[in-house]
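There are 2 protein chains.
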Amino acid sequence: MSNEITIPSPADFHVHVRQGKMCELVTPQVAKGGVKTAYVMPNLVPPLTSTEAVLSYKSELERIDPSVQWLMTLYLHPDVTPEEIRKAAKAGISGVKSYPRGVTTNSNSGIEDYGVYYPVFKAMEEEGMVLNLHGEVPSDPEKNISILNAEIHFLTHLRKLAKDFPNLRIVLEHATTSNAIETVKELPNNVGCTITAHHLYLTIDEVAPQPHHFCKPLAKEPKDRKSLQDIIKSGNSKFFLGSDSAPHPISSKIPNLLNNDKEIGLSISACAAGVYTSPILIPLVATLLESFNALDQLENFVSNNGRNFYNIPAKKGDELKLRRIGENENKGIVKNTFKSEQVEGLEVVPFWLGKKLNWEIV
Amino acid sequence: MSNEITIPSPADFHVHVRQGKMCELVTPQVAKGGVKTAYVMPNLVPPLTSTEAVLSYKSELERIDPSVQWLMTLYLHPDVTPEEIRKAAKAGISGVKSYPRGVTTNSNSGIEDYGVYYPVFKAMEEEGMVLNLHGEVPSDPEKNISILNAEIHFLTHLRKLAKDFPNLRIVLEHATTSNAIETVKELPNNVGCTITAHHLYLTIDEVAPQPHHFCKPLAKEPKDRKSLQDIIKSGNSKFFLGSDSAPHPISSKIPNLLNNDKEIGLSISACAAGVYTSPILIPLVATLLESFNALDQLENFVSNNGRNFYNIPAKKGDELKLRRIGENENKGIVKNTFKSEQVEGLEVVPFWLGKKLNWEIV
Numbered sequence: 001m002s003n004e005i006t007i008p009s010p011a012d013f014h015v016h017v018r019q020g021k022m023c024e025l026v027t028p029q030v031a032k033g034g035v036k037t038a039y040v041m042p043n044l045v046p047p048l049t050s051t052e053a054v055l056s057y058k059s060e061l062e063r064i065d066p067s068v069q070w071l072m073t074l075y076l077h078p079d080v081t082p083e084e085i086r087k088a089a090k091a092g093i094s095g096v097k098s099y100p101r102g103v104t105t106n107s108n109s110g111i112e113d114y115g116v117y118y119p120v121f122k123a124m125e126e127e128g129m130v131l132n133l134h135g136e137v138p139s140d141p142e143k144n145i146s147i148l149n150a151e152i153h154f155l156t157h158l159r160k161l162a163k164d165f166p167n168l169r170i171v172l173e174h175a176t177t178s179n180a181i182e183t184v185k186e187l188p189n190n191v192g193c194t195i196t197a198h199h200l201y202l203t204i205d206e207v208a209p210q211p212h213h214f215c216k217p218l219a220k221e222p223k224d225r226k227s228l229q230d231i232i233k234s235g236n237s238k239f240f241l242g243s244d245s246a247p248h249p250i251s252s253k254i255p256n257l258l259n260n261d262k263e264i265g266l267s268i269s270a271c272a273a274g275v276y277t278s279p280i281l282i283p284l285v286a287t288l289l290e291s292f293n294a295l296d297q298l299e300n301f302v303s304n305n306g307r308n309f310y311n312i313p314a315k316k317g318d319e320l321k322l323r324r325i326g327e328n329e330n331k332g333i334v335k336n337t338f339k340s341e342q343v344e345g346l347e348v349v350p351f352w353l354g355k356k357l358n359w360e361i362v
Numbered sequence: 001m002s003n004e005i006t007i008p009s010p011a012d013f014h015v016h017v018r019q020g021k022m023c024e025l026v027t028p029q030v031a032k033g034g035v036k037t038a039y040v041m042p043n044l045v046p047p048l049t050s051t052e053a054v055l056s057y058k059s060e061l062e063r064i065d066p067s068v069q070w071l072m073t074l075y076l077h078p079d080v081t082p083e084e085i086r087k088a089a090k091a092g093i094s095g096v097k098s099y100p101r102g103v104t105t106n107s108n109s110g111i112e113d114y115g116v117y118y119p120v121f122k123a124m125e126e127e128g129m130v131l132n133l134h135g136e137v138p139s140d141p142e143k144n145i146s147i148l149n150a151e152i153h154f155l156t157h158l159r160k161l162a163k164d165f166p167n168l169r170i171v172l173e174h175a176t177t178s179n180a181i182e183t184v185k186e187l188p189n190n191v192g193c194t195i196t197a198h199h200l201y202l203t204i205d206e207v208a209p210q211p212h213h214f215c216k217p218l219a220k221e222p223k224d225r226k227s228l229q230d231i232i233k234s235g236n237s238k239f240f241l242g243s244d245s246a247p248h249p250i251s252s253k254i255p256n257l258l259n260n261d262k263e264i265g266l267s268i269s270a271c272a273a274g275v276y277t278s279p280i281l282i283p284l285v286a287t288l289l290e291s292f293n294a295l296d297q298l299e300n301f302v303s304n305n306g307r308n309f310y311n312i313p314a315k316k317g318d319e320l321k322l323r324r325i326g327e328n329e330n331k332g333i334v335k336n337t338f339k340s341e342q343v344e345g346l347e348v349v350p351f352w353l354g355k356k357l358n359w360e361i362v
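These protein sequence lines are chains G and P, in that order.
Be aware that the first sequence starts at 1, since it is given in UniProt numbering, and climbs by one per residue.
Be aware that the second sequence starts at 1, since it is given in UniProt numbering, and climbs by one per residue.
What the hints contain is simulated information worked out from the structure, not anything from laboratory work.
For chains that are exact copies, the list does not tell them apart, and a pair is met inside one copy or across any two.
No more than 25 Å apart at the CA atoms, straight line, and that leaves these computed lysine-lysine pairs for BS3-like:
no. : residue 1 : residue 2
1   : Lys233    : Lys185
2   : Lys32     : Lys262
3   : Lys262    : Lys339
Could you put together the complete structure from these sequences and hints?
Put into structure tokens, the structure is as follows:
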């Protein structure tokens with residue numbers, strides 16, 4: 001049992017670094033979590049639907065932390081035309097992210113509307129851009145579609161897209177079900193799949209009583225978690241780390257009594273979906289992989305597989321060294337929330353708070 | 001479409017009225033919700049495992065609100081012997097409640113240990129006492145048992161108990177799955193089943209982002225909710241109201257940052273399971289039943305079916321009259337939390353806060 005591991009330049013192929021003061025707070029944590037290359041989500045307010053907006057956001061991230069390689073994405077939207085795709089490709093933008101409700105900004109037609117984006121996907125295929133899919137369909141009680149099976153219902157769309165665009169690289173983001181894992185396994189090699197750190201640990205039992213574990217897609221059953229663990233253990237090169245690290249202010253993660261006017265009285269807010277793992281990401285992944293005897297796959301999962309899929313080679317000499325924290329060593333406990341020094345009350349609760357990591361970055 | 005309904009003496013066959021200051025706060029709300037007969041759960045600290053303890057608790061409830069008929073239960077536990085059952089029956093105690101982990105106070109063997117209670121069940125059968133089952137097995141990731149299928153896995157135990165004790169009245173409490181509904185339908189008439197108000201409304205989609213909707217058993221898929229609604233609509237007499245109204249202080253229903261010593265740092269608390277419906281119960285049930293066209297079953301669901309199963313007739317003249325609140329009437333919105341006047345910070349958030357009820361008690 002080795003007490004040190006050195007892996008090539010880790011990459012996180014799905015991260016939210018937000019905007020404004022939250023961006024200032026969380027962006028420096030990406031590198032602190034051991035990540036050298038970060039694939040950045042475009043779901044800002046407003047969403048990033050033009051090359052200019054993406055490049056401006058990229059400059060902002062480079063200003064905050066020039067040490068990280070920031071890979072950028074557009075938000076799939078009617079503004080993203082085939083012409084915009086060619087422009088984006090020339091500007092070095094890596095991919096386009098599709099959200100289930102994102103296509104409904106001007107309609108209620110939801111995910112079924114992928115058809116209207118076929119000219120866009122064709123242009124992406126030609127330009128070598130990647131399509132990133134939030135793989136859930138909207139809930140629909142009449143059809144018994146809920147957040148428990150929204151991902152499974154999405155897999156039909158994934159299969160169709162993979163068939164219709166055999167040369168388009170497609171990533172199913174943050175898979176949470178055994179059905180999703182099996183589907184990606186069966187599809188050709190143009191389809192990849194990210195897995196988060198938190199879905200390697202959580203099941204519905206840990207999510208229901210804890211809003212800080214609430215995210216979308218929801219963590220599912222133990223058999224689903226085992227399926228995610230097993231595919232990593234198997235070394236299948238289609239599967240790689242995308243943390244979906246998604247910070248929210250603590251005030252948005254808990255239900256708040258809202259004081260409305262006298263006529264309406266009180267009401268209560270819902271909790272935001274998202275789990276924040278960036279500051280501890282690679283040590284957390286090492287700790288989790290070791291818990292299910294897959295530590296030998298750490299390098300493939302966090303460094304090689306995703307870089308090979310995206311064709312983003314690691315820089316020579318850009319390794320990350322991890323060191324095992326001894327059981328009796330007084331180290332490795334995640335002790336603190338992340339607080340803005342500039343904005344009162346801007347505080348983010350990290351995943352694993354109060355728990356011990358078994359690995360640290362040297 | 002009638003604007004007034006009069007039903008015989010409503011009964012809630014599953015309610016938690018707690019102890020101490022919380023008991024003082026919530027007990028008077030039972031009658032305010034329109035309930036005349038309340039079947040009281042014994043899961044206090046310590047649990048009620050002796051006739052004396054139950055009778056003392058009953059006196060306390062009668063002191064706080066003598067207008068309600070309080071039906072009492074024992075907590076299934078090694079202290080509850082066949083002798084204790086005979087004593088309890090003589091003292092007018094109605095039933096015995098079994099909790100999944102309740103049998104494990106002195107063991108880790110869980111629900112499989114029902115066998116050791118067979119002499120107790122035999123005595124209950126002879127004395128005409130009712131067995132109330134919290135119908136979930138403990139989670140077990142190795143067997144893929146989670147809070148999503150814990151109820152389904154319990155149904156084997158229900159079937160076996162019903163077969164082994166054909167003359168024991170058994171109630172499956174707070175059913176949440178179509179499997180549970182189908183199982184109770186198929187079993188002989190010694191088996192009844194309670195359904196809560198909140199499970200007629202919630203699915204997993206409304207629970208995951210809202211700790212105030214988190215309860216056990218967890219609300220499941222839309223098809224499960226529909227199964228609960230349909231069985232009420234069908235008028236099946238085995239199914240009746242048991243609210244499982246379960247108040248918690250607001251501070252226990254949200255995750256709190258816990259400040260541990262410096263070495264451990266911060267950690268975060270989990271949210272308590274329970275939905276509080278007592279203060280609005282019968283108007284809420286009327287509103288929900290009407291939403292799925294089952295208002296004609298209100299009397300059977302809240303008055304007749306449970307009373308017939310338990311053999312607790314309604315008192316003559318003890319009717320409840322409800323009146324429809326017009327769409328444009330400025331009434332019926334649940335506006336307030338429930339606060340103790342004696343204990344600072346003892347505040348309970350009711351279900352339906354900020355939403356409108358379509359019926360009120362006259």
